[in-house]
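There are 2 protein chains.
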Amino acid sequence: MPLTERRLADPDHWSLASAIRALSMDAVEAANSGHPGMPMGMADVATVLWGKHLKFDASAPNWFDRDRFILSAGHGSMLIYSLLHLTGFEQMTLDQIRNFRQWGAITAGHPEYGHAEGVETTTGPLGQGIATSVGFAMAEAKMRAEFGEELCDHRTWVIAGDGCLMEGISQEAIALAGHLRLGRLIVLWDDNGITIDGKVSLSDSTDQIKRFEASGWRTLICDGHDAADIDRALTAAREDDGRPVLVACRTTIGYGSAKKGGTSGVHGSPLGADEIKATRLAYAWDHADFDIPDDIRARWLQIGQRGAAAREAWAARVDALPADQRDAFAARVSGEANPALAPAIAEVKRKASAETPKVATRKASEMVLAAVNPVLPETIGGSADLTGSNLTKTADLGVFDAQNRAGRYVYYGIREHGMAAAMNGLALHGGFRPYGGTFLCFTDYARGAMRLSALMGVPVVYVMTHDSIGLGEDGPTHQPVEHLAMLRATPNTWTFRPCDVVETAEAWELALSTDTTPSVLALSRQNLPTLRTEHRDENLTARGAYVLREASAAPQAILLATGSEVEIAVKAAAALEADGIPTRVVSVPCMELFRDQDDAYRAEVLPEGPVRVAIEAAVRQPWDWLLLGERGHWQRADFVGMTGFGASAPADRLYKEFGITPEDTVAKVKALL
Amino acid sequence: MPLTERRLADPDHWSLASAIRALSMDAVEAANSGHPGMPMGMADVATVLWGKHLKFDASAPNWFDRDRFILSAGHGSMLIYSLLHLTGFEQMTLDQIRNFRQWGAITAGHPEYGHAEGVETTTGPLGQGIATSVGFAMAEAKMRAEFGEELCDHRTWVIAGDGCLMEGISQEAIALAGHLRLGRLIVLWDDNGITIDGKVSLSDSTDQIKRFEASGWRTLICDGHDAADIDRALTAAREDDGRPVLVACRTTIGYGSAKKGGTSGVHGSPLGADEIKATRLAYAWDHADFDIPDDIRARWLQIGQRGAAAREAWAARVDALPADQRDAFAARVSGEANPALAPAIAEVKRKASAETPKVATRKASEMVLAAVNPVLPETIGGSADLTGSNLTKTADLGVFDAQNRAGRYVYYGIREHGMAAAMNGLALHGGFRPYGGTFLCFTDYARGAMRLSALMGVPVVYVMTHDSIGLGEDGPTHQPVEHLAMLRATPNTWTFRPCDVVETAEAWELALSTDTTPSVLALSRQNLPTLRTEHRDENLTARGAYVLREASAAPQAILLATGSEVEIAVKAAAALEADGIPTRVVSVPCMELFRDQDDAYRAEVLPEGPVRVAIEAAVRQPWDWLLLGERGHWQRADFVGMTGFGASAPADRLYKEFGITPEDTVAKVKALL
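As given, the protein sequences belong to chains G and D, one line each in that order. For the first sequence, position 630 matches number 630 in the UniProt record's numbering, and the numbering has no gaps at all. For the second sequence, position 206 matches number 206 in the UniProt record's numbering, and the numbering has no gaps at all.
Since copy identity is lost for identical chains, a pair holds within one copy or between any two.
Result set (DSSO-like, lysine-lysine): computed pairs, CA atoms no more than 30 angstroms apart in a straight line:
id, residue 1, residue 2
1, K210, K199
2, K277, K199
3, K571, K670
In short, the hints are calculated from the structure, not lab data.
The shape of chain G in the complex, shown without the other chains:
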């Protein structure tokens, strides 16, 4: 149907959708940067979704039982900013829209969690939104099972583009969602046949309908510019038969732009003043830049209030709960650290210091989880098909699957990236502290979502075992050498590499207490002795680095080490002491936290004078600031570690061949003295 006919056929809808289109064109033009084509193409779908189906209340953006709306095609950010503005989200003023993509505005280039209320998760890196939404839908299903439909009864709506569907992470996501039968997850595919390079047919011939059905999805198709047809499809999509739903919305990118509509020319560039003028004419939108007529504004504001009654009814139900249930619910959705955590951790530490077990830190992590999981109902664990290696599944967790929503353990399958994104969604939704495992080396596969954990400040926990050449025979494809450097270079990421059960417990305590920072626990495959044999209530790992073994006299040498190499440092120190060289051992379980300490503490741990040698079975890059001093204070220093990839052999042999032993350490210290 030609545009004019559509306009005349449904003028009420048309004017609402035109407001989105006009704001999107204008904001991108003002910024001289952005993607107008997608909001223009999906304005009709978004209007019907927000106008009739999405459960939300603009006056209460963080209402727990709202539907979640996720713009996976994050480059079309003006779509969501327009919707938030028009429906009356307080923060999203016209001024913010005018300052799209400018310094200090909440209208970031791509939607960023924490900038504007109503943005549920950061999107932009393609595929992340759809994969994160799986976590949102898991969280909803699980909270519903735990607290009942009275408290939790909502849907997760996603707008995704061809880019999202081409990214590999989308396959991990849709396979997982289909398997888990997340029937309240609805993906609206902006099926416009255009990518940045041109037509989708340049690079893809996938039958997406068939592909989603192969993963157990229900599929629907609608004309994405026909409000009635969209309404029909979304109504059908809301029926939950256990299958997640794909709605293929056939749209024209840049709809209404005579010169650029339907082409990649409108994907990532402003239309230009002339084309905007012509497009306004086509829309019969006779209003100034950024101007929304009062009647249309009023109707959009009404839409923003659609959910108010439902929200009030929900609040009344919460209020009517028995106090203990109400408190339990409030505690779960608060995101605050659970007061049961500290005593559980203290007990693990006390016992370990007394019994000094010799176990791998992955096993230590399991011991911690065995103490923590029973008292923290908010944890939800999992592994990317390495459960028996990561040791992430403790007794009585139960398996979260299509049949058992009460379960607290997820078999994520061989899907590291999808797992990480799902964990982000679980945490963002509220009610959960997710953790999930794989080998440290496969951080590579999960990187895209792990970076978003850090950027968003989502406190998920990555349980990364087999953290060095110490895994032995599997060889260099599985042996991380650069990954600790990569993680430490990433802002807002705590990289813990604990040396024994006590430090592992302390790392878990920190990881489960923060609400702003994701944690990576780098854990050994091989057994390690308990080195913290004297119980201290204080969490020493929170200091980032501390004196583990003091020298017998004023130290001539300081050995720094993490994880499995702390044992080597302790042995080397003993040998040096035997040779009359007073040597201090500093354990460095978390460089980031040490960096945050004050100068006095850092100088106390690492005084000037003694030679410094660091030991870590990985590359040196992140160590230089500790070895050499942040501002170049003179140090004599060296490093015991890796300079290249590992090899396939038993771990002991590898440590010897690569020169990561007490003897090598002693020799390097002596060479510096």
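Use these hints to put chain D onto chain G, whose structure you have.
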């Protein structure tokens, strides 16, 4: 059919397959490490494939026109080692098999390219094999188009497991392969229903047949323990109708192990002496550990010679070519640097130094490619849907697609990981120097395959544009800050960040000359002045770092910078000189290459004494060794760069807000003096 019936029904096949199974059990047992279940399960399929279908000649492992065999399920490495040993690959002695997974052996834990001939690519990280195989099949199709079936006429066979198919990268791979109609790519899926965590049904419900068909694949099913049925399926698979082929081989993992067969218990652990004994009985394999009876050995060796005649005929056809065609073919498959490269680069440098254009380094890269592509037929370019941003497509390249195999540009789609793996395959196959582009930030998505480029030493070129906050309004989801650190921490990776056209040309020259190291070109979105205004034939970038601007007198300060920040360094130096502070500017286009220089050169560029300030719009981590000295020589030093994620705003504003300006640099220098 029960195992015994199968054994009696086809004793010849049975004994061949049993040899694989026995060697695999014995080697894993001896190593006390490895994955016996997969080789035991796929032994029948492998026997039929190598025995009747795979084109190869064990006496000439590197014969160009051999079929490529890729064990994507790399954990089952004993399958390929057994096959190489049994068919008579000279390197793969019984001693190597006995030393499976031991120090110095070529029988690495997972198959590693460069260790044993016959291993075409490194596998182990799941999904890499199947994705790399797409590059192999692209290379075959393209070489066939260029040189004719007489010289290039082979298939790519892949064995993949459930893990490979669950990884997101597999979707990128199969969608690309289906779109490109790579009809000679055949994937044998070890459909055994088991992963490490247990049954596939714990984590996946995908209809793989339907999924592959949705991507344009032909699908076949066979009983993976019935030699005749396997033969039927492989025969059918060899017909090339334009669709790549999936053969679902229904198998039992650990076939023949009464206690562990068909379970995850046999996936990643030795069977144990008792179970091996029982399984030998079931196989009626009455031979000692590692013992292969002479008659069976003889039959396997015959299989190894199956392709000898075909190879000789091929060699005769090559010999019969006109000299110029023969030379052209030899040059293409040699992998050596093209002698036409140096003059083309020299011309770009000379012109740039004379004309001093102010262009982005991504544009500079396009200028280099425009000069290089016409004279280097081995380059094959592409982008993950950012062609107009990466500027990777030069005139007259033509598009490589299903219709046009002569094209030299690939629209990879929004598939960074699949693109990187395909590039690895293109390079490994021989005949090509692939390059491909995306934004530097999306290195995250391609990491898994980029690490394998480095581990294998494959000289692919990653064209990573929009390399800092300098990309501006797209915001932190697109602004790399930790990625340069990550790349520099990765062994055997050249990370180039050139500052102008001349350095960009030099970086390309190095990247296209090496045959051992992948390169990453980090390129600016924003325009930069030409700073190398005096032509030098010498490739200064090969030094890694060099004096770009000398101080007016003995330097009191040295400014180090890369890429877009070199301009800031030059301006800051001018300001410092104006204030009477003699200042040297050192450009550092490639830290790795500077590290490789001798001490004398490094001391010449970075003498002790002057203060040092480095400038890079990224995190400081990789700079400390340069700022502070590798062994802690005293320096007064500081850093101008990023400490967190970026923001959405125009680039100039961001540089100012984050304090990356000449003024900030001057202030930091003065504070140190």
